[in-house]
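Engineer: Listed below, chain by chain, are the residues.
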Amino acid sequence: MSATATTVMAATQRKGVARLWRRHTNLLIGTGMLVVTVFAAIAAPWLGTVDPQAIAPFNRLEVPSPDFWFGGDLVGRDVYSRTVYGARVSLAVGLGVAIGGTLLGLIVGLLSGFVRWVDQVLMRVMDGLMAIPSILLAVALISLTGASLKNVIIAISIAEVPRVARLVRSVVLSLKERPFVEAAVTSGTSFVLILVRHVLPNTLAPLLVQGTYIFASAVLTEAILSFIGAGTPPSTPSWGNIIAEGRTVFSIAPHIVLFPGLALSFTVLGVNLLGDGLRDIFDPRYVSRT
Amino acid sequence: MSDEPLLFVDGLGVTFRTDHGIVPALHDFSYTLDAGETLAIVGESGSGKSVGALALMRLIDDPPGRISDGTIRFHGRELLTLSESEMQKIRGNEIAMIFQEPMTSLNPVFTIAEQIVEAAQLHQDLNRQEAQAHALEMLQLVQITEPERRLNQYPHELSGGMCQRVMIAMAMACAPSILIADEPTTALDVTIQAQILDLMRDLKGRLGTAILLITHDLGVVVEMADRVLVIYAGRKVEEAPVRELLRSPRHPYTLGLLGAMPRLGDAGKGQRQRLKEIPGSVPSLLEPVSGCPFAPRCSMAMERCHAEPPPLEPQGDAQHIAACWRSDEVGVDR
Amino acid sequence: MTAILTVEDLAKHFSIDGKVMDRVLGKKPDVVRAVDGVSFSIEKGETLGLVGESGCGKSTVGRSILRLLDPTRGKVELDGRDISRASRRALRPLRRHLQVVFQDPFASLNPRRTVGQSVAEPITNYGLAKGAALRAQVQDLFERVGLRADQIDRYPHEFSGGQRQRIGIARALGTGPKLLVLDEPVSALDVSVQAQVINLLVDLQQQFGLAYLFIAHDLAVVEHISARVAVMYLGKIVEIADKKRLFDSPRHPYTKALLSAVPSADPDSASKRIVLQGDIPSPTNPPSGCRFRSRCPIAQPICATEEPRLESQAPGHKTACHFAQLGPLAAPSRSGVGPDQIGR
Chain A
1 MSATATTVMA ATQRKGVARL WRRHTNLLIG TGMLVVTVFA AIAAPWLGTV
51 DPQAIAPFNR LEVPSPDFWF GGDLVGRDVY SRTVYGARVS LAVGLGVAIG
101 GTLLGLIVGL LSGFVRWVDQ VLMRVMDGLM AIPSILLAVA LISLTGASLK
151 NVIIAISIAE VPRVARLVRS VVLSLKERPF VEAAVTSGTS FVLILVRHVL
201 PNTLAPLLVQ GTYIFASAVL TEAILSFIGA GTPPSTPSWG NIIAEGRTVF
251 SIAPHIVLFP GLALSFTVLG VNLLGDGLRD IFDPRYVSRT
Chain B
1 MSDEPLLFVD GLGVTFRTDH GIVPALHDFS YTLDAGETLA IVGESGSGKS
51 VGALALMRLI DDPPGRISDG TIRFHGRELL TLSESEMQKI RGNEIAMIFQ
101 EPMTSLNPVF TIAEQIVEAA QLHQDLNRQE AQAHALEMLQ LVQITEPERR
151 LNQYPHELSG GMCQRVMIAM AMACAPSILI ADEPTTALDV TIQAQILDLM
201 RDLKGRLGTA ILLITHDLGV VVEMADRVLV IYAGRKVEEA PVRELLRSPR
251 HPYTLGLLGA MPRLGDAGKG QRQRLKEIPG SVPSLLEPVS GCPFAPRCSM
301 AMERCHAEPP PLEPQGDAQH IAACWRSDEV GVDR
Chain C
1 MTAILTVEDL AKHFSIDGKV MDRVLGKKPD VVRAVDGVSF SIEKGETLGL
51 VGESGCGKST VGRSILRLLD PTRGKVELDG RDISRASRRA LRPLRRHLQV
101 VFQDPFASLN PRRTVGQSVA EPITNYGLAK GAALRAQVQD LFERVGLRAD
151 QIDRYPHEFS GGQRQRIGIA RALGTGPKLL VLDEPVSALD VSVQAQVINL
201 LVDLQQQFGL AYLFIAHDLA VVEHISARVA VMYLGKIVEI ADKKRLFDSP
251 RHPYTKALLS AVPSADPDSA SKRIVLQGDI PSPTNPPSGC RFRSRCPIAQ
301 PICATEEPRL ESQAPGHKTA CHFAQLGPLA APSRSGVGPD QIGR
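Protein chains in written order, with the working numbering: chain A, 1 to 290; chain B, 1 to 334; chain C, 1 to 344.
These are computed hints drawn from the structure, not numbers from a lab.
Please note that a few of the clues may not be correct.
Think about it this way: if two alpha-carbon atoms lie no more than 20 Å apart in a straight line, the pair counts; the simulated SDA-like pairs of lysine to any residue are [to be verified]:
hint : chain 1 : residue 1 : chain 2 : residue 2
1    : A       : Lys176    : C       : Leu69
2    : A       : Lys150    : A       : Ile228
3    : A       : Lys176    : C       : Phe14
4    : B       : Lys204    : B       : Asp69
5    : C       : Lys44     : C       : Ile16
6    : A       : Lys150    : A       : Arg166
7    : A       : Lys176    : C       : Ile16
8    : A       : Lys150    : A       : Ile224
9    : B       : Lys276    : C       : Thr72
10   : C       : Lys244    : C       : Ile16
11   : C       : Lys178    : C       : Leu94
12   : B       : Lys276    : B       : Ala260
13   : B       : Lys204    : C       : Gly45
14   : C       : Lys178    : C       : Val275
15   : B       : Lys276    : C       : Leu204
16   : C       : Lys130    : A       : Ser190
17   : A       : Lys176    : C       : Phe106
18   : B       : Lys276    : C       : Lys75
19   : B       : Lys276    : B       : Gly265
20   : B       : Lys276    : C       : Val275
21   : A       : Lys176    : A       : Ile107
22   : A       : Lys176    : C       : Asp70
23   : A       : Lys176    : A       : Arg116
24   : A       : Lys176    : C       : Arg309
25   : B       : Lys276    : C       : Ile16
26   : B       : Lys89     : B       : Tyr31
27   : C       : Lys178    : C       : Leu91
28   : A       : Lys176    : A       : Lys150
29   : B       : Lys89     : B       : Leu126
30   : A       : Lys176    : C       : Lys178
31   : C       : Lys130    : A       : Asp127
32   : A       : Lys176    : C       : Gln206
33   : C       : Lys244    : C       : Ser312
34   : B       : Lys276    : C       : Gln206
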């Protein structure tokens, strides 16, 4: 290949990357941020951490220093290690709720969209659930079942189901009227096939976008639950827990609240940006403009 | 009375920037409009006919659109160099526009009275009461049923035909010299369309408004227009008085359009005639055009047509112009 | 002559969901009588045009025949077999012979499936072909509708409106239907593309012996493609006749008004236009007696009390009007029923 050709190719490739960056800024940044958090969670033991539960009264309220990156908390545990390990809890909750809530919401939404009388009943139930602030709902459910990671995921999922259900329901209702679905009906396509071939693929895009928002919301909700003591047990390092504990000594040792707080903001922001980026990609008008 | 026409458009060019390149939506577009006459612009979707009208009102979004060339003189005044505030004094006041979808062109959260009053108050020095009275007058002018009742109704309470009458009332509220009608009856039922066309002819007669009618329906053109201009791929390809165009079209595209339209009463005249098709489809404006833009689809195209774009030339009658190298052979075997 | 489709007294009513308070107070919910007693038949290989303005119910007739809606009343028979009351299961094998082409070429194809998959769907539903044979059949269908066979793996958004409509037609042909319901198939297309699709439909009809129910509002198009035409107004057929008779010598005032309202592209035709006053009444509350009387230039007192029946005025020509007559619209004679006047 001639020199000019390679230069032109390289230039087009560079231009291609620049264009990619310009078009999908949100998506790329969001994904990057999320990758950082995931990496931290997975690689926790190898990122210079110590046992997050290890109590060392000698290091009580130790100020952040080169030895103690994020400082020590009220009982001398390493805040850095607890923050990094805390990512595990947050991501587990985020992912668990996103998947659980979406699946359950999908089923409810499909049923409501297709069966009229079921719709009336289910939607009133959803309305009832939505009327209760999700935090309170989660607290109530946890008080019934007891505090554990699993129960936290279940409780928050239930609180998120109505939003997904309404979304799926509206997609189904609008799709039912679309000519291509009617054409499938007149072509003799069975109900199940219509569901699989025509309805579900068109619900995937909005569900995916909604899923990312649920993820972010769940992470935040877990933190709040832990903060008020209704979340994961205090020994498990979760950002909410750490912030809760640090609350009392905020004026003298702000680092205990600061670092997990930053981690929380960082993660939620990243996931939200990712969601925005995905939404833009799936928007047919956006696609045609680019 | 000067010889200057009411509206003089010369060499108008409009481009749109897209991620795939610059699209010349309108190229070297020229026409004139005299006071009180009706000029129809006929074209299919994507031909640029609506762009021409929006450009006239300087309503092209910049970016991505841009009026790249040309001049528009209204009452001898150059419109393209006016400031936005000066342009606002003209819009709705001296040049008004009505659109295709009357139901969605009215603001759903304002009553009919409020919408007409807004138009009137903006340009005329009327207080609320005078404006309300004027609004009622306008509704009566457009022969809407129960005008007093309509004043307090919302657009969704009105039918399509009534909404279009309201739009016309709003447009005529300040007695503009030019009314731009962009497919005004396309979304309406045939019997309602008849009412609206009648109304427009009546108003034109009474108020002497010039009408720029944009449409794809040749029947509407025959009913309403004095002259007609055919637009294809952003360029004017033919212009003539209406009867002249129908009797002897001089551009293959015009001939194709006339042949492609089923006409009421045609089938009664004898055996079923096959509709004349124009093969292919409208070209993407992204690709640069060499030669005549219609050449790829033209049954009469020769080599010269693909290489050299034909200029607009008078066809015997100075009022009739067409852009075709073989215009004298068009329609000879009709 | 065997009719491929017979429709007898078809009706479709929609009840509008009322407010809860209304139901508590015992008020009956509004009923939209979209179609209220429609009867006609279509012969094998024939095209019946169904025209009317918005709200007349023509689309609802099409959808009821296709069983996208369940009729409230009436009977529809396809090739002698009842399809209006058949259960979904019994309906399935019958649907093979009854296919549809919709108005909106953009919405009638699933954007997430290739066009080949969309066209193949009816064929696979009935197990008519598989694998390589299926692919060959889809390619053949593409070519029959004037598209290139190598495009079957593309997605709908890569095609123009006219091409998508052709794909819709190809899909409808897959199972070898006897009757095609076409609901405004060319209304959304440009004039030049419309001509292509109309010519295609005419060609296919001749090739395959298809019958068409052609639902449209464009009278010129309907005149071009139909053998017989039925005019609907507010849920009822007001006139039905073979094409030449309907367009040359209409008898119902609405038909006359409709025909005269079409802007004529012939500058030399003397347009004595009948302009109807007012708007089309709401289908929830149609006028008593003859539904057209509120806009009819020749309405008489009897029109409000007695609904006219669809009756033969001439062979193959039925009209529903107390004062049906040939010739330009004129007030009926004193005796009440206008005699046939010939000549214009």
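Engineer: Taking the hints in turn, state whether each one holds.
Structural biologist: Status of each hint after checking the structure:
| no. | hint | verdict |
| --- | --- | --- |
| 1 | Lys176/A - Leu69/C | holds, 12 Å |
| 2 | Lys150/A - Ile228/A | holds, 18 Å |
| 3 | Lys176/A - Phe14/C | holds, 17 Å |
| 4 | Lys204/B - Asp69/B | violated, 31 Å |
| 5 | Lys44/C - Ile16/C | violated, 37 Å |
| 6 | Lys150/A - Arg166/A | violated, 25 Å |
| 7 | Lys176/A - Ile16/C | holds, 19 Å |
| 8 | Lys150/A - Ile224/A | holds, 16 Å |
| 9 | Lys276/B - Thr72/C | violated, 43 Å |
| 10 | Lys244/C - Ile16/C | violated, 40 Å |
| 11 | Lys178/C - Leu94/C | holds, 11 Å |
| 12 | Lys276/B - Ala260/B | holds, 5 Å |
| 13 | Lys204/B - Gly45/C | violated, 49 Å |
| 14 | Lys178/C - Val275/C | violated, 40 Å |
| 15 | Lys276/B - Leu204/C | holds, 17 Å |
| 16 | Lys130/C - Ser190/A | holds, 18 Å |
| 17 | Lys176/A - Phe106/C | holds, 16 Å |
| 18 | Lys276/B - Lys75/C | violated, 40 Å |
| 19 | Lys276/B - Gly265/B | holds, 17 Å |
| 20 | Lys276/B - Val275/C | violated, 32 Å |
| 21 | Lys176/A - Ile107/A | holds, 16 Å |
| 22 | Lys176/A - Asp70/C | holds, 15 Å |
| 23 | Lys176/A - Arg116/A | holds, 13 Å |
| 24 | Lys176/A - Arg309/C | violated, 37 Å |
| 25 | Lys276/B - Ile16/C | violated, 46 Å |
| 26 | Lys89/B - Tyr31/B | violated, 23 Å |
| 27 | Lys178/C - Leu91/C | holds, 15 Å |
| 28 | Lys176/A - Lys150/A | violated, 37 Å |
| 29 | Lys89/B - Leu126/B | holds, 15 Å |
| 30 | Lys176/A - Lys178/C | violated, 26 Å |
| 31 | Lys130/C - Asp127/A | violated, 47 Å |
| 32 | Lys176/A - Gln206/C | violated, 34 Å |
| 33 | Lys244/C - Ser312/C | holds, 16 Å |
| 34 | Lys276/B - Gln206/C | holds, 18 Å |
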